[in-house]
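**Student:** Construct the complete structure from the given sequences, taking the supplied hints into account.
So the protein sequences, as listed, match chains A and B.
Sequential numbering of the first sequence, starting at 1, is according to my numbering.
Sequential numbering of the second sequence, starting at 1, is according to my numbering.
Below, simulated DSBU-like cross-link-like pairs (lysine-lysine); rule was C-alpha separation at most 30 Å, straight line:
| id | chain 1 | residue 1 | chain 2 | residue 2 |
| --- | --- | --- | --- | --- |
| 1 | A | 539 | B | 539 |
| 2 | A | 287 | A | 301 |
| 3 | A | 539 | B | 674 |
| 4 | A | 453 | A | 425 |
| 5 | A | 771 | A | 861 |
| 6 | A | 674 | B | 539 |
| 7 | B | 287 | B | 301 |
| 8 | A | 125 | A | 185 |
| 9 | B | 649 | B | 453 |
| 10 | B | 425 | B | 307 |
| 11 | A | 674 | B | 674 |
| 12 | B | 394 | B | 307 |
Over the 12 Å line for every Cβ pair with chain B, so calculated as not near, a few chain A residues:
| id | residue |
| --- | --- |
| 13 | 319 |
| 14 | 425 |
| 15 | 483 |
| 16 | 521 |
| 17 | 583 |
| 18 | 596 |
| 19 | 736 |
Calculated directly from the structure, the hints in this document are not laboratory data.
We treat Cβ as the ideally placed atom computed from N, Cα and C, and that holds for glycine.
Protein chains: 2
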Amino acid sequence: MKTSHNRGARTPARSAETHLGACGLQQTMKLAILFCFLAASVYAETGYDAWLRYAPLQGADRIRAESEIPAVVAGLDTSPLAASAQNELIRGLRGMLGRTLRAEPNLPGEGAVVLATLDELRRSKPQWNLAADLAPEAYWLKRVVSGGASYIVITARDPRGLLYGSFALLRQVSLGESLAAVDEKSSPYAPVRWVNEWDNLDGSIERGYGGRSIFWENQKAREDLSRVADYGRMLASLGINGCSINNVNANPRILSADMIPQIARIADAFRPWGVRVVIAVDFGSPKTIGGLDTFDPLDEKVAAWWKTTVDAMYAAVPDLAGFVLKADSEGRVGPSAYGRTHADAANVVARALLPHAGILLYRGFVYDHHMDWNNPKNDRARAAWDNFQPLDGKFDDNVLIQIKNGPIDFQVREPASPLFGALEKTNQAIELQITQEYFGQSRHTVFLVPNWKATLDFDMHALPDVPTPVKALAAGRTFHRPLGGFVGVANIGLDENWSGNQLSQANLYGYGRLAWNPDLSSQRISGEWTRLTFGTDPKVDQAIDAIQLSSWRTYEDYTGPLGLQTLTDIVGNHYGVNVEASERNGWGQWHRADEKGAGMDRTAATGTGYAGQYRPPVARVYESLATCPDDLLLFFHHVPYTYRLHSGKTVIQYIYDSHYQGAAAVEQYVEQWKSLRGLVDEQRYKQVLAQLQYQAGQAEVWRDAVTMWFHRASHLDDAAGRVGHYPNRFEAESMALDGYTVRDVTPFEDASGGQAVACPARGGSCSAAMKFSGAAGWYDLRVQYFDQSNGISHYRVWLGRQLLDEWDANLVLPRAIRLDSTSSTRRLIPGIALRPGDEIRIEGRPDGNDTAGLDYLEIVKETNSPIATR
Amino acid sequence: MKTSHNRGARTPARSAETHLGACGLQQTMKLAILFCFLAASVYAETGYDAWLRYAPLQGADRIRAESEIPAVVAGLDTSPLAASAQNELIRGLRGMLGRTLRAEPNLPGEGAVVLATLDELRRSKPQWNLAADLAPEAYWLKRVVSGGASYIVITARDPRGLLYGSFALLRQVSLGESLAAVDEKSSPYAPVRWVNEWDNLDGSIERGYGGRSIFWENQKAREDLSRVADYGRMLASLGINGCSINNVNANPRILSADMIPQIARIADAFRPWGVRVVIAVDFGSPKTIGGLDTFDPLDEKVAAWWKTTVDAMYAAVPDLAGFVLKADSEGRVGPSAYGRTHADAANVVARALLPHAGILLYRGFVYDHHMDWNNPKNDRARAAWDNFQPLDGKFDDNVLIQIKNGPIDFQVREPASPLFGALEKTNQAIELQITQEYFGQSRHTVFLVPNWKATLDFDMHALPDVPTPVKALAAGRTFHRPLGGFVGVANIGLDENWSGNQLSQANLYGYGRLAWNPDLSSQRISGEWTRLTFGTDPKVDQAIDAIQLSSWRTYEDYTGPLGLQTLTDIVGNHYGVNVEASERNGWGQWHRADEKGAGMDRTAATGTGYAGQYRPPVARVYESLATCPDDLLLFFHHVPYTYRLHSGKTVIQYIYDSHYQGAAAVEQYVEQWKSLRGLVDEQRYKQVLAQLQYQAGQAEVWRDAVTMWFHRASHLDDAAGRVGHYPNRFEAESMALDGYTVRDVTPFEDASGGQAVACPARGGSCSAAMKFSGAAGWYDLRVQYFDQSNGISHYRVWLGRQLLDEWDANLVLPRAIRLDSTSSTRRLIPGIALRPGDEIRIEGRPDGNDTAGLDYLEIVKETNSPIATR
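**Tutor:** Printed below as a string of structure tokens:
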């Protein structure tokens, strides 16, 4: 097994563009693929182009686009952003139509795509009478017929709107939507639409699963920042206007003088795309970097230091968007050191930013991670409200409180944070996590838009008579705040496909689309992304959309249903299963499952009182078992396993059923994907197939672990008889072992039967053998082994003297140094003819500290069916 | 431009197999493509697997195969070849069916694929009654139902037959042919079925266009010979049983003692696939290597040296197949040095080989390359017959005369060599050239099987009453010779796709299939190859077969019709056009075209007498203008340009028409190929598209050059008014030049108008500009520039101030250090909207000695049409 750190070392590769410099590009790539013999790109689809592939339009879409789109792009605005827009229009239409539009600086005497601000049009074409009260950054696409020529006008108040309008037009063409009578105005829902990168200055990324940082390496900005420019383009296509370029767990060094030129280089790369740089800062910086003896926010020296430091930064990066600050949380210093409030802390920094129109995002993710588990009144979920609600009105107007969607930490399902709408006189922004920390870390397909929508559309009842959904509160619309918006923790890195997983790109796309317009449906967003990314074959689109749109529920089903939260190792890598890892410690991600029942009592009546932090109409729903939705039941209530849900099913049976359903759903995804063979390009087809097959194996690990844990805890049997009974399974510990020794696995649920076998031999091999006694037939073998990160063990599977399969345990998985559910991996060996009496022998050769562990062998009747004819 | 030598330096990459060690394989590859995250291959189609892809069967083919193929492969023969066969059957069926058959050493009590010699079956299964008089290496595929079980028996006299039968079975499954009642016996047509590699010990390959040698590097066998093993498998799949591993222009060093272990390593890599190593030797070796003062074949010391040397070789490589020897030809030493005959030379070597059952292939390609052009009776075509016919009966029985298909040298069209059948008491073999020396060098698609068939099927009338086609003569069948067969000069190298061009792989496949069975039709062979290599979609197969089957005629049409031979630079790279290069020199590839007419008079009556070397029935046909086929008219006769062909068309008009037809046909190939978008995997789709687009440009260069030459020579106009009139063409020399200077091009026909422009500036740029005065509309631009091999110049094309396109002139082309038809290259810039008055400016930045030359710009109405919907 290799850790994911190794992946980022790759040379970043791109799909070459069709015409411009394709060969030169290839030469620099070192990926010596094929002969750079001719102009056209020779690359397979890598995912690098993401949703901006501009693939050639086919058939009717092409004919329509050729007839609707004029031959000229007239760029009447001379700003750099308008130039980017004009170039992008030419590039995109060239890709889709094979035609290069004429770039002209003035309105020609013929039809044209016209890029011009409203002011410019009022001056130069008053007879067009284009008047509108457009918001900043908004755009207007409008067909204008005038003087015998037909124009597609992209207009806006500002160049940024022209850029966003250009991407919108290209999106419509890509999607096959007609521009014949286009008349579309679109305004961003909120002014702040940012991404946060949790990139460390050493090039690693906290919770990053798409390779190493595109920004940093070895304490400096990367030499080659072309990936930053390309990322800026991706962000601009979604209307994202700010990007924090270092981890919120900030290295104070970011504010040292020698970092300023580094930051300026990154800002330069982003600037043509209207993406403004944001810096994450450490509150202790005046002391650690500034040489002061204090960082007390009320100390004048400290205020002066912040001002001087910010001024220096703006001198180099005049369009810096601002700072993000995490204080007094998870070990980071904050105002509590001096008995000051979060408002004191935020305002001292914000006031330094104010003269430059910079803003401060102050994170609301503040909690005590040394809470006493034994006190049933303690509740981390209360922390955001408890910390910030009393300070409402104390924050300056260029401060926003950056509030995570839920009260805990991006769990598989949480209610909306009660802090939304509790701040009426303070700016807010919602923080969503695009990177899949608790969602399978780009190894599981989870399309997060439906998850985010569940929060964004949730009505907080912050006002008596009008709906006050979270999105309106976060955007500042409800209480007419000057600022508000969206922050997404991004999921990109140096991996060729940016995200470590082709389908995970949809989360970045979906976040950006929601930040622009949270009223878009999940279906719309998924449909757009799929068609832009994989083309317009309806069979492909239906299959991918079906997977994406059900994937969150599927993941919830096999990881932590009913509001239990993700039942992962919360003190470890947040990936594998460990039901008890969240209990009996101070971190507060408790679910309080025990032998009698499960769930946190967060009611006002008998529990922690958390439910009472919501406005009364919401609090009432959660407070009562009768009205609390099943999906959040165990988040708000502790109930016995025999408690019946609204569906009539008991809690324990629901836990069993949902896990089996979830695992079966992923197996179904594999089959759905296989139906796309030949319809999706070979490269991405094989990548996604491999990823889904891996996920299917992991879903089974989760299924078995969670159900076994609750079975052991509850002593209640599965009504369907599945849990604890695995008729096709042969435990390694029960096989004839040669060299392998039996180990108890911790936690017990991480291995089938609580045990596995490991090979202690250095330099040698071990084997585990069994005799097959079933009926003769075609079978699939599934070897459940442990792919640890501390070595590359080697496995071989023999049928008698015939070698059936062999592989290295070298997958890129989260760090796991022992036999557990993170390293537990399934190897499929399909289509084996077995006869009674056959010996199947699995041989493992350990390497380093990887002990070539084995959990079990499953022998199942062949499921492989003929692949459908196209 | 890069020379092709650079290409071989790549790490050879492979398509990973689906199951076995895929990840391990990727790790060794250094082509860090994507995450080696899971078991399945993540590669696009590279061409590495050639026709042995074993792609999953679909639909009905799969259902039938699953029902027809048993679960066991019983390998009753314990030879290494039978083990290779058994492994290949398992590998192939696993690829196609996703099932791993059981490898068993004995007949099971159930159905099986049975691999067993006839002798073994007679012993173990007498009741099956399988008796046949099978030839050596022949195989028999037979369905046997016995004792309630159904067997597919692969049987043969020898293990080699078992191997060939296994590949035949896999081919049938791949092609979707039923095995339900299979009963197929197949024998090789001749015992010698070899390939010759013209690989030099330094790793270069004479006339190689698929990268560097897979055998040699830096005077040694390569460290990594895995490509040799994989090549052996490809050869075995075709029934090829011998391979000469070094150039016939042999480095004497090959026979030095320190080379023996190197040769042995290569033999080891080939041996599991039944491919026996052949060595090309230099006749002067006794002197140059052996330290003797003579290499006189009749000198006893020389004979003893050959014996000792051969013995030593066989001690290390006991299954060496023999030697190939080129003597007294193209500057190589031979028996003439001592007044000895070719028979003397051949026999002294053959007698050393005889005790080891080794054989000698003695090349019949012997001619004088200092012939006097002024003597109209001189004729190189006569050389083979003149040299060898008088020696008939003088050669030992383990000698074969290796005769090229035609009397000259692999020209685009030649008659069959009259030496076939002229030797009645001497073994023969036919030498075919798979590598496309005179056929576009893997940059032009030319499927050679129809060319070879034209010779193989040609009746030499060597016997009065029975047909005596060349294939029967070469195979030794006609005169009942002990030996005979086929030698193909191979086209493979280290390129990932082996051949430098995906479609050129078909020539190796076609050669091998013909060597096994020359009665197969071109259609059958093309169809097999296409389906094995690109899958069974009928639309794909029809399009590819249509291109392949017409490609030879197309290439002939634009390079040298009517028997003129390939009108290339015969004293240079054999690639670009140079009509007069073959004249006025001693090489004898004369066509004697002048101002009055063209063609070599080779008649007995008035010419060189060559026609009289054929047996009378053939000689009569060629001798007479009335019966000589048009395709060979100018090979046998000198006629005036106004001479009328059988079709009624004049020679000159045929030359014009065929060149325009040929060039138009390649343009049509591009369109045919484009119709396969989405049906062929992206990687190969783009590669072949790029190659065909390049070929279309080159075909136009040829068209214009040859027609202009004959127009200037004959002063006869093209009846269709095309030659000399290029309405959409703007000559660079007529543009407004800034820095560029006008150059006369030599030969004049290599540039449009006989002139081009070159940029002398070092470190600067030049430009050529023109004003467009046509109607407003969508146009395609075609820039004809010169991509020299002595630098990488850079080009930019501007429309006013808009950059339309830019590229490096870095294609992998044959060596060309000046402005000529080899470096002449077309850049397509499709879909440009032009308006009257537009300025188009081409800017060239020279590099090294590459002068960024320009020939012309063509501006043609847009031809790009909407791509058909799938």
